[in-house]
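Student: Sequence:
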Amino acid sequence: MTAEEIASIDRVQAQWRSLPAGNRTTEYETTATHIVAGLRGLTGEIDWEGAFTYSVSDQDQNYPTGWLLLDEFLDVIGTGAVNVFVPNEELDDASRQALAPAIYHGNWENTKITMKGADFKGSMPVFDLPGGLAYVAAGVDYRDYTYENSLSEANQEARLLFLEAGTSYDLQRSQMGIFAELDMPVIDDVTVNIAGRYDDFSGVDAAQVGNYTGEVGEISKGDSDFTYKLSARWQATEDLLLRASYGTGFKAPSLLAIARPQVDFGVTSGNYVCPFSPSDALYQACPDKQGGRVQYGVYQKGNTNLKFETSKQSTVGIVFAPSTGFGITLDYWQVEMEDRVTQLTEDQIFADPVRYRDLFTTRTNAATGDQELAIIQSSANVGSAKYSGVDWSVDLTNDLSFGQLKTRWSGTYTIESTYTRPGTTDDWITSLGRFGDDQEVTFRLTQQISSTLSHGDFAHTVRLNYKSGYQDQFQSADDCAVSLVDAFGDCVSVQLRVPSYTLMDYQTVYNFDDNTTVTFGINNLLDKQPPMSLRTGGAGHQVGFDPRYADVYGRTFYLQADYRF
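In the working numbering, the protein residues as written are 683 to 1247.
Derived from the structure by calculation, the hints contain no laboratory data.
The structure presented is a predicted model; accordingly, all values stated were derived computationally and were not measured.
Incorrect hints may appear among the rest.
Below are the SDA-like pairs computed for lysine to any residue, each with C-alpha atoms no more than 20 Å apart in a straight line [stated by the list, open to error]:
1. LYS903 - GLN854
2. LYS911 - MET866
3. LYS983 - VAL1064
4. LYS794 - GLN857
5. LYS1149 - SER1113
6. LYS798 - MET866
7. LYS983 - PRO1035
8. LYS1068 - THR997
9. LYS1149 - ARG1179
10. LYS971 - VAL949
11. LYS983 - GLN944
12. LYS798 - ASP865
13. LYS933 - TRP1015
14. LYS1149 - ARG1126
15. LYS983 - LEU938
16. LYS794 - ASP852
17. LYS933 - GLY859
18. LYS1149 - SER1182
19. LYS989 - SER884
20. LYS911 - GLN1016
21. LYS989 - GLN857
22. LYS983 - ILE795
23. LYS1210 - ARG1179
24. LYS1149 - LEU1185
25. LYS1088 - ASP1077
26. LYS933 - ASN987
27. LYS989 - GLY1105
28. LYS983 - GLN1025
29. LYS1088 - VAL1001
30. LYS903 - LYS933
Please model the entire structure based on the sequences and the hints provided.
Tutor: Take a look at the structure:
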C-alpha cells in the first residue's frame, strides 16, 4: 500500500479464530427427581387406583473452556501480547499465558422444569354381551408445569465475546383431562373399543423475574378439545388376529414454543448473501455488502398466538402367532396433521425475505459496535402434513439346553411423508428419502434386529440399527459451499447421495438379585464413522456429516447399576 492509501484508512477490521483458547465447550449437569405415591384397591366391583406425582429436572449449563471474556480479550489483544498473525500451532507459550485470563470458566445459566400431578382412574363390568362382559373405565388427571430459567452474573452482564445477555423467565401452565373407555366383546372373537378424552389447557402465565421485561400474567390463550378413538379386533382363528382403529388427536405447543422470550441462539449454520437491495433500510445492517456469503446472527422466540395441533390417525393390521415361540405383526398406519407447530429454517427465511421480513432484525456486534443483520426463528403454525407407512415385527424364541435365545426384527417402511410449504395451503413438498425444505430427512426404511441370549442370571444382547440412504442437500455453484482443490478454487455444484447406515450395539445385564442389576454395554461396537454429508443447515455447525442421523462418538462404553426398592 502507498503512504497515501495508508493515511486514508480510518478503520481496520480483522477476523481471528481463537483456537489457543481451546474448543468452545458446553457442559450440561442435570439432576432429576421423580416421586410417585399412590394407592390402589377394589371396592365392590370397582377396581381403582390413584397417584400423586412430583418431578423436577434441574440443569446447569456451564462453559468450562473455549469461551472468551469480552473486556479481558480486547485488553489482551490491544497490548499485542498475543500474535494473531501466526498459525495456532506456532503460537508461543508466552502468548498462550497472556490469553489465559481472558478464558471464561463457569456457569452460564440454569433451567428448572417442575411437574406436579395427580390422577385417578377406575374400571368395572357394566353389562353382558354375547361375547362376554363389557367393561367401562374412566378417570381424571391434572398436571401443573413450571419452566424457570435463571442466569449467571456473567450472562446477565454480557461478559462473553459475541454473546448477548440472556433473559431470565418463569413460565407456568396447567392441564386437566377427563377420559372414559368402553370395551365390548360384541360376539365371540370380536371386540369393539370406544374411548374419548377431554383436555383443557390453561393459558401460559409469565412471572416478573430477573431481567425479564416482557408481558406478565396470562400471556397466551388456553384451549380445549375432545378427542376419541374407535378400535376393533377380530380373532379370526386361533393363530390370526385382525385389528383396526381410527382416532383424533390434540397436542398443545410446548411452554417454550409459546412463551420463550427472544434469546440469542448463535449464528446461522449456512452462509448467505445479503437478501436486501441497497435501497432497503436493512441493507445497511448486512455484514458483507459486496455479494459475499457470511453467517448471520440467530435469535429464537416463542409465539403467544400459536394454535394447538390437531390430527387424525387410522391403522389396520394383523397379528399371526402360530406358536408361543413365533409371531408376526404387520400394521398399516396413516396420520394427517393440521396447524403443525415448528420453526422456519434459516434457508426458508433467507429464500423469501419479503414474506418473512418480520423475522429479520439487527443485533449489536460487541467487538465492533456495529448493528448487524440477524434472523428470528420464531415458532409458527406452518400448515398441514400427511404421513403413512407400514410397521412390522417378527419375534422368534428358541429354547436351548443352557438358556433361551430371543430374536426380534422390527421396522418401519414410510410410504408418504408430505407437508405444505410454509405460508401456503396447497403446495405439498416432501423430505422422504431426501434432505428436505425443512432441513430434515424422513428415512424410507428404518429397521432393527436384536438377539438376546439369556442363561442363568445373565442376558447378552446384540442389536443392529439400520437407516436407508437418502439424497443429500444440493450444493449449487452459486452458493459456493464446495470448491475445487486446485489453483483456481472454482465453485462447483454437487449432489451427494448419503449411503445407508448400520450400527451394532452390545449389552450384558447381570441380575445380582431380585432388586439389583448391573449393565455393561458398548455402543457402536464396530466404531462405524458417520457417512459423508455436505448439508449446511439443520444441525449446527458440524461439517461433513449430519450428527442427527449418525453416531458421532465412535465406540463408547458404559456401566450402569440399578437398585429397586
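Student: Now look at each hint and say whether the structure bears it out.
Tutor: Hints and how they fare:
Taken as a hint, the LYS903 and GLN854 pair is honoured in the structure, with Cα atoms around 13 Å apart against an allowance of 20 Å. Between the alpha carbons of LYS911 and MET866 the distance comes to roughly 14 Å, so the proposed pair stays at or under 20 Å and holds. Of the supplied pair hints, the one linking LYS983 and VAL1064 holds, its CA atoms being roughly 15 Å apart against a limit of 20 Å. In summary, the hint linking LYS794 to GLN857 is supported, as the alpha carbons are separated by about 19 Å, within the 20 Å threshold.
For the suggested pair LYS1149 and SER1113, the alpha carbons sit about 15 Å apart, so the restraint of at most 20 Å is met. A hinted pair counts as satisfied when its Cα atoms are at most 20 Å apart, and LYS798 with MET866 does not qualify at roughly 34 Å. Of the pairs offered as hints, the one joining LYS983 and PRO1035 holds, with about 18 Å between alpha carbons and a cut-off of 20 Å not exceeded. Under the criterion of a C-alpha separation no larger than 20 Å, the hint pairing LYS1068 with THR997 is consistent with the structure, at around 14 Å.
About 13 Å separates the Cα atoms of LYS1149 and ARG1179, which keeps this hinted pair within 20 Å; it holds. At roughly 18 Å between alpha-carbon atoms, LYS971 and VAL949 fall within 20 Å of each other, so this suggested pair holds. About 4 Å separates the Cα atoms of LYS983 and GLN944, which keeps this hinted pair within 20 Å; it holds. Between LYS798 and ASP865 the CA atoms are separated by roughly 31 Å; this puts the pair beyond 20 Å, and the hint is violated.
Distance check on the hinted pair: LYS933 and TRP1015 sit about 19 Å apart at the alpha-carbon level, within 20 Å; holds. At most 20 Å may separate the alpha-carbon atoms for a hinted pair to count; LYS1149 and ARG1126 meet this at roughly 8 Å. A distance of roughly 8 Å separates the Cα atoms of LYS983 and LEU938; the hinted pair therefore holds under the 20 Å criterion. Taking the CA atoms of LYS794 and ASP852, the gap is near 9 Å; set against the 20 Å cutoff, the hint holds.
With a C-alpha separation of about 13 Å, the suggested pair LYS933 and GLY859 falls inside the 20 Å cut-off, and the hint holds. Only pairs whose Cα atoms come within 20 Å are accepted, and LYS1149 paired with SER1182 is accepted, the gap being roughly 6 Å. At most 20 Å may separate the alpha-carbon atoms for a hinted pair to count; LYS989 and SER884 meet this at roughly 13 Å. A hinted pair counts as satisfied when its Cα atoms are at most 20 Å apart, and LYS911 with GLN1016 qualifies at roughly 14 Å.
A C-alpha spacing of about 16 Å is found between LYS989 and GLN857, which places the hinted pair at or below 20 Å, so the restraint holds. Annotation: proposed proximity of LYS983 to ILE795 holds, straight-line Cα distance about 18 Å (limit 20 Å). Proximity of LYS1210 to ARG1179 is assessed by CA-CA distance (about 18 Å); at most 20 Å being required, the pair is judged to hold. Restraint check for LYS1149 and LEU1185: satisfied, since their Cα atoms lie roughly 9 Å apart, inside the 20 Å limit.
Distance check on the hinted pair: LYS1088 and ASP1077 sit about 7 Å apart at the alpha-carbon level, within 20 Å; holds. Between the alpha carbons of LYS933 and ASN987 the distance comes to roughly 15 Å, so the proposed pair stays at or under 20 Å and holds. For a cut-off of 20 Å, the pair hint linking LYS989 to GLY1105 stands: about 15 Å separates their Cα positions. Taking the CA atoms of LYS983 and GLN1025, the gap is about 9 Å. The hint holds against a cut of 20 Å.
About 18 Å separates the Cα atoms of LYS1088 and VAL1001, which keeps this hinted pair within 20 Å; it holds. For the proposed pair LYS903 and LYS933, the alpha carbon gap of about 14 Å is at most 20 Å, so the pair holds.
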